[in-house]
Amino acid sequence: MSFLNYCINGLSLGSVYAIIALGYTMVYGIAKMLNFAHGDVIMVAGFVIYTMMNSLGVNPIVAVLISVIVCTALGVTIEKIAYKPLRKATPLAVLITAIGVSYFLQNLALLIFGSDTKMFTSVVKVPQLKLGEIIITGETIVTIIACIIIMVCLTLFIKKTKAGQAMLAVSEDKDAAELMGINVNATISLTFAIGSGLAAIAGALLCSQYTSLTPYTGAMPGIKAFVAAVFGGIGSIPGALIGGLLLGVIENLSKAYISSQMADAIVFSVLIIVLLVKPTGILGKKINEKV
Amino acid sequence: MKKLLSTLLAVSMVATLLVGCGNSGAAESTGTDAATTEAGSASGETFKIGGIGPVTGGAAVYGLAVKNGAQIAIDEINEAGGINGYQIEYNFQDDECDAEKSVNAYNALKDWDMDILMGTVTSGCCVAVTPKTAEDNMFQVTPSGSSVDILSAGNGNVFQVCFTDPNQGIASAQYIGQKKLATKIGIIYDSSDVYSTGIYEKFTAEAPNQGLEIVAAEAFTADNKTDFTTQLQKIKDAGAELVFLPFYYTEATLVLQQASTMGFAPKFFGCDGLDGILSVENFDTSLAEGVILLTPFAADSSDDATVSFVKKYGELTGGETPNQFAADAYDAIYTIKAALESANATPDMEVSAICDAAKAAMTTISVDGLTGQGMTWAETGEVNKAPKAVVITDGAYKSMD
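Chains as they are written, first to last, in the working numbering: chain A, 1 to 291; chain B, 1001 to 1401.
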């Protein structure tokens, strides 16, 4: 019975990683850049919702929608100011910039909200599911359903719409896509817009699940979600979901059966082993470089 | 690109300047407050007492409490004629609970010609600052820095008003054992934090002597401090009747919430780190109902000293109730006063001479404070007083016995 409970706890944690990883992997898959600021956009979403609900008394659903709009705008702005000028620069420069943006957002939040912990009120109003001894919280149910819906929608969007096809083309070859008449800059901006919008939803669910909110709330889950994305195969949308859930379950089982102190070390060792055996991650595709 | 970068740099420099101004502005204002109260004393002959602690940031609850608690003591002393006839000037600096900023704050206070340091508030910062005070041989009394490393970092110049972490661990085990609160104990502790592991180790060592059985001891780390469901599940499965939480209130709020979701309702017992849990913004205090804290101060005590302190604290802060940290700071100032009076120190003495005189006096004095009657000090800087506990009832701290 406890084993099942540990697995369920793992799934709740994993679902949060998964929903963050979806945004990560989407931006990486298209723009080929690691947006390390993704976790901090999540934190911004948390603060937007917190302020809306607690200071202005806005309905939770409306607050989440507003945070999606704010984060989408934020994502596009960050992309315009920080990443676009570096379109032709080395990937390393972009990576460092992303880390810079991440610190900028954290410190900005520190300046505005201070670093005292705020208790977030869950936006999820779904009751918990009780099966004997096993309890699945409403937040977990909603997060997993949200992950699946987002995954399906993203896949359909990329496969079926013109904009999605443009994204696919840009991800394969920017220059060729441009020659084919695709507006590469607009496509990448759109990718960031969607990625940041997803971050807002992830933020709402992360903060509902683990209700403390500080300017550093997004940092560690962001890194873990990045690991989940790599684990599942970075760039692969279903991979992010599987990677996230697996990571959460492994983390909780190692906490439960090996050592609660070593859980992180074990999670990262698993990652290393997976990457040694299958360098592209669980669902990653190997792309042959043509010379 | 270069242009953009330079603009960004310029903006950030302006921002730092502004932040800097804000800080010094606040410091000046406390300076002038002190200056107005000591207007009577001649030619700036005053004891300059500096304070360091987090007034902003995650541990701000502690820093603000210490700042205000000390202010009350200083106002009282100045009104009553000062220390050895000299008024006190007080300057409190923010360190945001960051070791580096704490050292900067110390340097700023030295530029202000501080004679005595009342600080720092948190252990981590105190361990960083104490080597500096030892180097300068400055008399230091920390109200709430509880790590033993603080004492070993000094040269005998630093004294604690609160218990050391290990002593809190021992005192907790004794308290649980003597009051027969439970026999099967589960522990969650932060293995990446000295405060938490220090208490945990001493608690585990003392527990068997008190007839306590530790059925589960689970750790978490600073990088992994939001999900406690697995730790709680293990402790629940192990059949613990009481869960010992030797860490800070930020994580404790999550532990209490997740335990409640799981339907796990043991007794919860914490140390002084849990003090402040009721002040967390937006926290549902009903979750903390029945939580027991080892803390030397309960604001609902009916003795005259506490009642008067609580009243003054409320007047100063606009209706807030003081916590243990405020009381520790209040006692710290009176401890400094007692030491200086016993040593016949005067402000015209060198900082180092004040320190030598005061530290010799510390082992001879006994202070009746808010946090304990007849507090005495060992040469090492450790305080000796009886442990007390409070229980959270109806969203407020109530004395245990």
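Simulated from the structure, these hints should not be mistaken for laboratory data.
One or more hints might be untrue.
[Unchecked claim] When the alpha-carbon atoms are kept at most 30 Å apart in a straight line, the in silico DSSO-like pairs for lysine-lysine are as follows: (1) K1048(B) to K1312(B); (2) K125(A) to K1225(B); (3) K130(A) to K1225(B); (4) K1184(B) to K130(A); (5) K1267(B) to K125(A); (6) K174(A) to K88(A); (7) K1312(B) to K1184(B); (8) K285(A) to K159(A); (9) K1267(B) to K130(A).
Subject >> Violated hints, by number in ascending order, as checked against the structure >> reply: 7
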